[in-house]
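Colleague: Which chain is which? The protein sequence lines are A and B, in order. Note that the numbering used here gives residue 31 to position 35 of the first sequence, counting from 1, and the numbers run on in steps of one. So the numbering used here is basically just the index in the second sequence, starting at one, shifted up by 1304.
The set of hints was computed from the structure by calculation and includes no laboratory data. Take the hints with a grain of salt, since some may be wrong.
Below, a list of computed lysine-lysine pairs in the DSS-like style, where the Cα atoms sit at most 27 Å apart [what the hints assert, rightly or not]:
| no. | chain 1 | residue 1 | chain 2 | residue 2 |
| --- | --- | --- | --- | --- |
| 1 | B | Lys1495 | A | Lys70 |
| 2 | A | Lys136 | A | Lys121 |
| 3 | A | Lys121 | A | Lys92 |
| 4 | A | Lys129 | A | Lys70 |
| 5 | A | Lys92 | B | Lys1323 |
| 6 | A | Lys92 | B | Lys1653 |
| 7 | A | Lys70 | A | Lys110 |
| 8 | A | Lys163 | A | Lys184 |
| 9 | A | Lys110 | A | Lys129 |
Derived coverage of chain B by chain A (criterion: at least 3 residues anywhere in the stretch with Cβ under 8 Å from a Cβ of chain A; other residues may be distant) [unchecked claim]:
| no. | segment |
| --- | --- |
| 10 | 1349 to 1358 |
| 11 | 1576 to 1590 |
Don't be surprised by glycine CBs; every beta carbon is placed ideally from N, CA and C.
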Amino acid sequence: MQLLQCNNLSKTYPNGTQALHDVNFTVEEGEFLVIIGLSGSGKSTLLRCINQLHPVSSGELYFEQQQLTAMAGKDLRRQRSRIGMIFQQFNLIPRKTVLTNVLAGALAVTPVWKSLLGLYSEAQKQQALDYLKIVGLEHKAYVRADNLSGGQQQRVAIARALMQNPKILLADEPVASLDPSTSHSVMKYLQKINQELGVTVICNLHFLSLVRTYASRVIALKGGRIVYQGAPGDIDEQWFKTIYGEDAVEVSIN
Amino acid sequence: MEKLMTEQPFEQARVHGYKASIKAWFIDVILWSYTALIGYKLGYQTWYLQSRHPDFYWHEPLYALGIGVVLASVLSYSTCSVGKAISGLILFPEDRSIFRSASVRLAVFFIALTFIAGLHVSQVSMREFFSDSGLAGAQRIFSALLTPNFAIFEDALFAAIETVYMAFIATSLAIPVAFVLAFFAARNLMKQSALSFAIYCVIRFMMNLTRSIEPLVWAIIFSVWVGIGPFSGMLALFLHSVASLTKLYSEQIESISDGPVEAMTATGAHPIQVIWYGVVPQIVLPYLSYTIYRWDINVRMATVIGLVGGGGIGTLLMQYQGLARWNEVGMLVIVIAAIVWLMDYASAKIRAHLK
């Protein structure tokens, strides 16, 4: 089933930089879609346009057949809550426990006054603990989030995204700040969520070796345009040079 | 997104050209007019003609301005121009000391000129400092101050306690007001729409205005409003604390990392929830630190405010000083010094632990 559809998406920042040019693609339910491209090719912008953290300049964006670009306020927040997101810098709440961080994923379905007082239901707390178990951090629930290692913080961020009960998980270079072995561990959790919980994943990545291991489909961006769409195995030397430039040399991560 | 900005820098038009030249010319005109005026009033009238209180006529600065325009225009063709140096129109060679360039030497000259004029205007006089009557007066007051009158120790102590409480109430009442205002005075939260940006500008302006009026002046205003006493002093400190804390708090909000804010927004949280979970945890400790520091400052200010009728130990000080009873003043000075030192020490200790 088609989950997301982007028609002629363009994005120009207020300073005049055009980050996306006429981007068209669709995402099917259950896919593990990876977006590749050089820094500054528009990958991050594209992900942030999908959940409207950055409003698009023109074009249409359908999520479960609903136009996201036309939404604002409460409607937009409700749709956003169905789209989880994790970040390169993890973006956890500092000085708060891991459990509080995971529970923050339920903010959209918690009344404002309750969330200000930190009043979450027992069911929500249990659910948060369950998601922590999925990412293997149930024993860290009451530890301050900023005391965890990078890989652990990213797993907390995944649990927080799961707490939203999302249809899609957006991952913006989730392993770019991590060392190689931790990178694989985090990618494996994303794979597990994709395969076992059926959450569609759209992920920005830098390393082609990770792309070949985890992606079910690849989109390559260059200068804000889509230059390649297809299976990860089909990216040969020629395509690689098209995407990353003539001088690029492939490095791998194991 | 941040990456995108830095790696594809948007071509910034360098406004070198006529705009910078005009700016440089204006700076030069002001500097040369200033030099001409000082040279005439100080060099010619005061020192050459030896007139102690030369009259002032409004045509003098106008003539000076004329001279400034002529000199600045002539020198704008050379590198001997401070305005050009400030506007970035002069390239300083890296292999040479900057003090060998004419514009820097000129700047040093302007600073020296201002220093000399300042000495004259402040009536700095070594003769009076070391005169016989002056030294006798100094001896009189220091000997009195150093033999404080311990009979008023109780009064001084109670007045000091009043001062500390006054400062505490002023600070604690200011916290919630400044806490709320700070969010509206933080650029990064308010630049979203034209309306919110307008609110930001209004609040920033009001706070800057309040802050630019000294608490001493506020105390005078409030002492007329609510009468002389600790209440008027408290109100003055409160108002000034609100303005200062709003500025400090909002600057703290502006320097937070955007990450958690973005993450909270992405979960579909309400804007209030975004602030509570994305912003507040990042600012709580610096806020506490600032607030304690503010209390410390308020205690110090409260003593000064007392001088104009704001209550507390300052009012007591003013009364004894008016009666020229220096032994009592000496006692009060000791109590004030002790309180200020104690607050300073305690607030530094507490703030060190908050890091």
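Colleague: Do the alpha carbons of lysine 129/A and lysine 70/A lie within 27 Å of each other, as the hint requires?
Modeller: 31 Å, violated
Colleague: Please count how many residues of the segment 1349 to 1358 of chain B have a CB within 8 Å of a CB from chain A and say whether that reaches 3.
Modeller: violated (count 0)
Colleague: Would the hint linking lysine 92/A and lysine 1323/B be met if the CA-CA limit is 27 Å?
Modeller: 51 Å, violated
Colleague: Would you check the hint for lysine 92/A and lysine 1653/B, treating anything up to 27 Å between C-alpha atoms as holding?
Modeller: 25 Å, holds
Colleague: Could you grab the alpha-carbon distance between lysine 163/A and lysine 184/A and see if it respects the 27 Å cut-off?
Modeller: Distance ~19 Å between lysine 163/A and lysine 184/A Cα, so the pair holds.
Colleague: Under the criterion that the straight-line Cα-Cα distance not exceed 27 Å, is the pair lysine 136/A, lysine 121/A satisfied?
Modeller: With Cα atoms ~14 Å apart, lysine 136/A and lysine 121/A stay inside 27 Å; holds.
Colleague: Counting residues of the segment 1576 to 1590 of chain B whose CB is closer than 8 Å to a CB in chain A, do you get three or more?
Modeller: Check passed, 9 qualifying residues.
Colleague: Check whether the Cα positions of lysine 110/A and lysine 129/A lie no farther apart than 27 Å.
Modeller: At roughly 25 Å apart (the allowed maximum being 27 Å), lysine 129/A and lysine 110/A satisfy the hint.
Colleague: Would the hint linking lysine 1495/B and lysine 70/A be met if the CA-CA limit is 27 Å?
Modeller: 21 Å, holds
Colleague: Regarding the pair lysine 70/A and lysine 110/A, is the alpha-carbon distance no greater than 27 Å?
Modeller: 18 Å, holds
Colleague: Need the status of pair lysine 121/A, lysine 92/A: alpha-carbon distance at most 27 Å?
Modeller: Holds, because 15 Å separates the two Cα atoms, which is no more than 27 Å.
Going down the numbered hints, you'll see the structure goes against 4, 5, 10, while the others check out.
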